[in-house]
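Undergrad: Given next are the chains, with one letter for each unit.
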Amino acid sequence: MKVLVPVKRVIDYNVKVRVKADGSGVDLANVKMSMNPFDEIAVEAAIRLKESGAASEIVVVSVGVKQAQETLRTALAMGADRAILVLAADDVHSDIEPLAVAKILAKVVADEAPGLVIAGKQAIDNDMNATGQMLAALLGWGQATFASDVAIADGKATVTREVDGGLQTISVALPAIITADLRLNEPRYASLPNIMKAKKKPLEEKTAADYGVDVTPRLSVVKTAEPAGRSAGIKVASVDELVAKLKDAGAI
Amino acid sequence: MSYQAPLQDMSFVLEELCGLAQLSDLPGLEDATPDMVTAILEEAAKFAGEVLAPLNATGDAAGLGFADGEVTTPAGWKEAYQTLVEMGWNSPTASPDHGGMGLPAAVNACIQEMFNGANTAFQLCPLLTQGAIEAIAHYADEALQQTYLAHLISGHWTGTMNLTEPQAGSDLAAIRSKAVPEGDHYRVSGQKIFITYGEHDMAENIIHLVLARLPDAPAGVKGISLFVVPKFMVNADGSLGARNDVRCVSIEHKLGIHASPTCTLAFGDTGGAIGYLVGQPHQGLQYMFAMMNSARLGVGLQGIGIAEHAGQHAVAYAADRKQGGQAGVEGSVAIIAHPDVRRMLGLIKARTQAARVLAYRAAAAQDVATRSPDADVAAKAQRRLDLLIPVVKGWSTEMGNVSASLGVQVHGGMGYIEETGAAQHLRDARITTIYEGTTGIQALDLIGRKIARDKGRAMGELITDLRATQARLAATDGDALDWAAQAAMVGQAADALEAATAWLLESGHQNALLPQAAAAAMLELSGICLGAWAMADSALAAYARMTAGDGAAFLGSKLRIAEFYRTQVFPQAQALRMQVTMGAETVLALSPADLGLAL
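Heads up: the protein sequence lines correspond to chains A and B, in order.
In terms of this note's numbering, the first sequence has 32 at position 32, counting the first letter as 1, and numbering is strictly consecutive.
In terms of this note's numbering, the second sequence has 81 at position 81, counting the first letter as 1, and numbering is strictly consecutive.
Extracted from the complex, chain B is given alone in its bound form (with noise of 0.2 Å):
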């Protein structure tokens, strides 16, 4: 079956959880109101089932062409290229002075949700786009954004980002590539590997973003530098000119993801890369992480949109899959009235519907950190977006996993043969809980930048709000559901983010390596804490819209399924607690022996 966009579940979590109506009065903002944001997520949903998701089975299994440095996109995959950058969907929020369109990020998310569901190796390739308009924009002079930026932003060009090296994974810091002044440019030399789009057939020039460091630069992660460095020269007059000094040598064989070209390029392999510094010397890592919130809330929205669409396949397989009976009903029954293949429909359900508002909601904080004119306000949500980013990342990639693993369970047998479509997702989504930083970087992010930093003041704020949603679901009443057990969940993920944030924060100044070893379980319990407040706002929101007199039978099942959320996914963090609080010297004290190293 075909993906469809989950559209009402969209708008509900803009309009009812992100504040969409305020939003849309934050300056630059004034045109994305409600009935204009359903239009435009009414077409993008168009163009993720009928254009990107017809292409990602067959992409899929078709891969990429690979000769004399040349790579070869599957059939269709140009045109639907071609069609993404004519309809405007390369870069929707990208700036109105360069040809954007300056949508809130929160809209954003919902069509990077969508395309990414229905098709994650394909919209890869506008995610680093993205990327790379962000870098120029905020950081490259005038004359590279004059040059630069309206190609990208239209998507006739797009970008890349080139920061691994063979030596230089997780840790920047062991980056060799080297930039050496020559007039207005430097020459770029180096080898740069997993590469996204490094090298493809969809567009006229492909424009890198290279980490390498200049002959004077200091060691370590304070000597790098950021460069651009283009395919095709770009001549005086706009026009393309000769090709540059760098090469695709090989693409990857990968597990998942197969219609997105992995390359390694080497730079100046004849005398040189032509690259063009953006910013200042030495910076180029700043300004990496300053784009690192986009990028990890992007792969956070991949690992979403893949349990969305891995939901769907199972959903429609476990209805019309007949295997045994059930008492009372004559005949086979469809494996969905099945309590186990329910639970776990639920799970997938549950967990994504969760993990979509967490997401939707740092977005929205993008937009008011970026565009408050009240400074606190600003100041607010940029703390509340970067303490939610590892989150975000970390728990609806590892979610999404899952999904796509239940996704296949339900399938059963067939789940395991690639025909069904249901491993697919398994495959794709595997690679989100390790690009853009890995689930174990997103925790320690969380739990060092993000928490240690500020104290815990970031998270402090986070459990004012969930203690808000307590008191507000323990003032409500009415048998549509259980109130006051809705409220005791919120109420307990809020203890339990106190008492694990207060826990990290004292056993930081026994030994550093204490809370690192409860980062994981950190985050996963930050994750299920934040899930809980989510479904919990979202019950509350759907119940009051019914009582306004809304008969929607969606809003009955958000009941439900913050009903399920709360017996079927929250109780781990009961267990999480304990494993941050009372787990991490038991990781301290496994020897390398003890885990088989023979000595």
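The following block holds chain A by itself, in its conformation from the complex (with noise of 0.2 Å):
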């Protein structure tokens, strides 16, 4: 089975974020890009899945600026064996939204028949948790998202979803997306041998166009602003004192 593993580059996780003066978005001129956490979670689960025999091979895929080859380099040197860049933007800044992002990775599932889709559950840099669902509904396979543990056989997924107060086991038949969330697993760290090993890796280089899609974005963005810095706070003068404040504030 061959599992195709949609992979974004984010500013990293560690980067102090900072808006842009004109409140047009997020800074990200000269600033650390990585692979968004939930998408190494998504690879991990699809090498984990190559080890114990489900799956035959393992194709990652980027969509957006040229700079994502870094990216798709780090899920090679991780396991993955081959990578697909379908370029649809030159400036780090523009986002490819979320239904031009499914509508690609659906034309490239037509062409690379993968038995199964994993994706990360959002990225970390807008936080829409939708691609995976979209891709879902293009191609009108079944979906299990927010996975916390994945299991494969006879031609289906039993995946355990990380859902409000608890945890919920579905089975979906293959072909099927799932999404990771973060208990899935710990993802390795690339080793150095198979760092030097992805470069020799096959690396397709595509284009938005290639695939006939229409990246444009159909989303403004009216405005990005920093979150409000935390207030001052209040010395209380006894324990008592504190436990009435905490209940004033619905705390306990």
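Do not take every clue at face value.
[Unchecked claim] So the derived label-pair ranges between C-beta atoms look like this:
1) A:S171 <-> B:G238: 28 to 34 Å
2) A:K200 <-> B:A290: 32 to 38 Å
3) B:G76 <-> A:G140: 45 to 51 Å
4) A:N126 <-> B:D482: 23 to 29 Å
5) A:G23 <-> B:Q323: 52 to 58 Å
6) B:A61 <-> A:K235: 29 to 35 Å
7) B:F554 <-> A:T224: 20 to 26 Å
8) A:D164 <-> B:K46: 29 to 35 Å
9) B:G76 <-> A:Y13: 41 to 47 Å
10) B:N235 <-> A:L182: 27 to 33 Å
11) A:M128 <-> B:R472: 37 to 43 Å
12) B:A548 <-> A:G140: 49 to 55 Å
[As the list claims (entries may be wrong)] Result set (PhoX-like, lysine-lysine): computed pairs, CA atoms no more than 25 Å apart in a straight line:
13) A:K16 <-> B:K178
14) A:K197 <-> A:K247
15) A:K2 <-> A:K247
16) A:K20 <-> A:K66
17) A:K107 <-> A:K201
18) A:K2 <-> A:K20
19) A:K66 <-> B:K78
20) A:K32 <-> A:K66
21) A:K223 <-> A:K235
22) A:K16 <-> B:K46
23) B:K46 <-> B:K78
24) B:K46 <-> A:K199
25) B:K46 <-> A:K201
26) A:K2 <-> A:K200
27) A:K247 <-> A:K50
28) A:K2 <-> A:K206
29) A:K197 <-> B:K322
30) A:K16 <-> A:K156
31) A:K235 <-> A:K66
32) A:K107 <-> A:K156
33) B:K222 <-> B:K178
34) A:K50 <-> A:K235
35) A:K32 <-> B:K222
36) A:K235 <-> B:K78
37) A:K66 <-> A:K199
38) B:K46 <-> A:K200
39) A:K223 <-> A:K50
None of these hints come from the bench; they were simulated from the model.
Don't be surprised by glycine CBs; every beta carbon is placed ideally from N, CA and C.
Please dock the two separately framed chains into a single complex, following the hints provided.
TA: This is how it looks when you write it as structure tokens:
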């Protein structure tokens, strides 16, 4: 079974995010970028399926700017077999919206015919949490989102989902879309030999136009602002006062 | 706060100042293209920051267990070592013929700096293994290589260096350990002290490289041979056999690197440890010297790594700690706003960056020296490397100590409290100016083997490069930086090195002790002058990137740090030049009584 894993290049989770002066978005110039952490989990899940024999090939795909090839190389170094880069923007600041990404991925799926797509549940830059679901709708495939456990057997995926108030286990017929949640696994480090081997793995370059998908944004960003800073606290004189304040605030 | 490898500066130095693109043209280094190196360094940085750094303080606090000859490393140490081995970080430069990755020494310098910066006590284990690998790869016969190399390179086995004995420290001529031939091997006996990772629980086997004397050995340094002595014997099929006659009798209680076992090893208490001769008899010390460059570069990188970590610690605290007011600001300000704090942080930053350039340039010279197909180019690079090594080792580690001390100072009283973490850097740094040759030994190496022996040729070549940088600075305009002042700095640096070298060569004819009395000052002068050259070259490279349209804030910082170096660090060069050329007689004139010895 072939597994397709879409990965997104996003601002590194360690970077202190700065809003551009004009409020049009986040400043990404000269900022460290990395693979979306949920996508790392998705890549890891695919590699584990391959190691267990459930998957035979892992194809990673990224939609975005040229530099996303670094992100794809990271996935190849972790253990993916080959990569597809779909160039859809020149400027790191132009975000490709989930629907456009899902449309491109649907075309990639049509070409590649994977038995399973594992995506991150959302990207940490704009937290849309939409691409996996949209892709499922476009393909007419089943979806199992927020996965914290995945088992493949008899043409089905048994997926434990993290839902409000607990865990839900569902079974979806393959092919299907799974989106990875935080606790699905802990991604591995790429080893030095694998980083060096990754360079020799195939990386195919395409464009959004090759797939006939228009990536023009349909949404407009009205404003981007930093969250309000923490306001000053107060000192309480006694434990009783602390308890009273917490009760007033509805915390206890 | 946790250590974060300074990836931006590392890549900048490799690409702009070490000619990474040209290095990857050298035979065997074809894979080390800049994009590949970026990927490697990013992954190494993850390992340093996420695996090694969190164990630094916990390992220091927990220390080592020792009972019945067995050393127990702190919690998490074994697992981290296992990850290091699995990820292939144990020996990045080792030859692909034995399972190594064959990376450039210049790239390995970055990796070693970050692993040492994250956790010096841990990284000492791979550092020693790398030394053992080099010794066996270069000098041992095919059979020994087949038996030991692959396991040492992977890290499944670790290596040690057994030089020091109680009466033989800096002077290895006094070594007494013995090796007696017996069939195809030798029986080694004697006591070795200060053996780093001489015993531990992280790997299946430990391969000791031991200096000892054969029965017919001439006295002194010309009678020392090198032996491989495994902790566990290796069977013909490669499996591990009986325990060899080598035992850890104690571990030291030290000022720093608490989690690194410093062992006293007893060889041959029950009949003699089985050992195998490396290379030819009586050549042991020569083999050790051949490995010295890598080992000393490694320790220099410890100084730089610790300085970087101490600086990160201090700057985070200075940005957080609020004390005192400032005109025009309501309430108290973060102490980083105070000029003296900023000065201290600037000193750490500027000298760390300068030392980094020198260390990586030395490593790049090593790559050229060992791989260039052009014999003249290779020979020149070897001269450059040999000259830089004592400066990199001596100056970087002294700089590491000063930086860690400044790091404590920035923290104020909190810095003196162990839980803050700033003190550990200072304690850990303290050994780096001592082992692998003290600063005094580095200084003697610099003025003797590296300057006097070739009559100042290598230093002359280096000064020529300084003059070239001076000329480039003089030809640069634009108000981003006072280029004329930078040119003057590098010119003065070249003048000072020239004058000091001339004095050393001349005074040595009068009295051999005179250059020795000036050696330490010469080492520091070299560090500061070559650091000036490094910072000026950095400024030129940063400016070139800026004018090409690169808007990274880091580049502007480079210019300001170069300017800070010129006014806050470089002025010491004039004083040191005087110390070298005018101060030696006064050292020799001091009698033991002057120093307080009751006669």
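Undergrad: Take the hints in turn and mark each one as holding or not.
TA: Going through the hints against the structure:
| no. | hint | verdict |
| --- | --- | --- |
| 1 | A:S171 <-> B:G238: 28 to 34 Å | violated, 48 Å |
| 2 | A:K200 <-> B:A290: 32 to 38 Å | holds, 34 Å |
| 3 | B:G76 <-> A:G140: 45 to 51 Å | holds, 49 Å |
| 4 | A:N126 <-> B:D482: 23 to 29 Å | violated, 44 Å |
| 5 | A:G23 <-> B:Q323: 52 to 58 Å | violated, 35 Å |
| 6 | B:A61 <-> A:K235: 29 to 35 Å | holds, 33 Å |
| 7 | B:F554 <-> A:T224: 20 to 26 Å | holds, 24 Å |
| 8 | A:D164 <-> B:K46: 29 to 35 Å | holds, 33 Å |
| 9 | B:G76 <-> A:Y13: 41 to 47 Å | violated, 23 Å |
| 10 | B:N235 <-> A:L182: 27 to 33 Å | violated, 47 Å |
| 11 | A:M128 <-> B:R472: 37 to 43 Å | violated, 50 Å |
| 12 | B:A548 <-> A:G140: 49 to 55 Å | holds, 50 Å |
| 13 | A:K16 <-> B:K178 | violated, 60 Å |
| 14 | A:K197 <-> A:K247 | violated, 59 Å |
| 15 | A:K2 <-> A:K247 | violated, 55 Å |
| 16 | A:K20 <-> A:K66 | holds, 22 Å |
| 17 | A:K107 <-> A:K201 | holds, 22 Å |
| 18 | A:K2 <-> A:K20 | violated, 41 Å |
| 19 | A:K66 <-> B:K78 | violated, 40 Å |
| 20 | A:K32 <-> A:K66 | holds, 15 Å |
| 21 | A:K223 <-> A:K235 | violated, 36 Å |
| 22 | A:K16 <-> B:K46 | holds, 18 Å |
| 23 | B:K46 <-> B:K78 | holds, 18 Å |
| 24 | B:K46 <-> A:K199 | holds, 19 Å |
| 25 | B:K46 <-> A:K201 | holds, 23 Å |
| 26 | A:K2 <-> A:K200 | holds, 20 Å |
| 27 | A:K247 <-> A:K50 | violated, 53 Å |
| 28 | A:K2 <-> A:K206 | holds, 20 Å |
| 29 | A:K197 <-> B:K322 | violated, 49 Å |
| 30 | A:K16 <-> A:K156 | violated, 41 Å |
| 31 | A:K235 <-> A:K66 | violated, 52 Å |
| 32 | A:K107 <-> A:K156 | holds, 23 Å |
| 33 | B:K222 <-> B:K178 | holds, 14 Å |
| 34 | A:K50 <-> A:K235 | violated, 56 Å |
| 35 | A:K32 <-> B:K222 | violated, 54 Å |
| 36 | A:K235 <-> B:K78 | violated, 45 Å |
| 37 | A:K66 <-> A:K199 | holds, 16 Å |
| 38 | B:K46 <-> A:K200 | holds, 23 Å |
| 39 | A:K223 <-> A:K50 | violated, 43 Å |
When each numbered hint is compared with the structure, violations occur for hints 1, 4, 5, 9, 10, 11, 13, 14, 15, 18, 19, 21, 27, 29, 30, 31, 34, 35, 36, 39.
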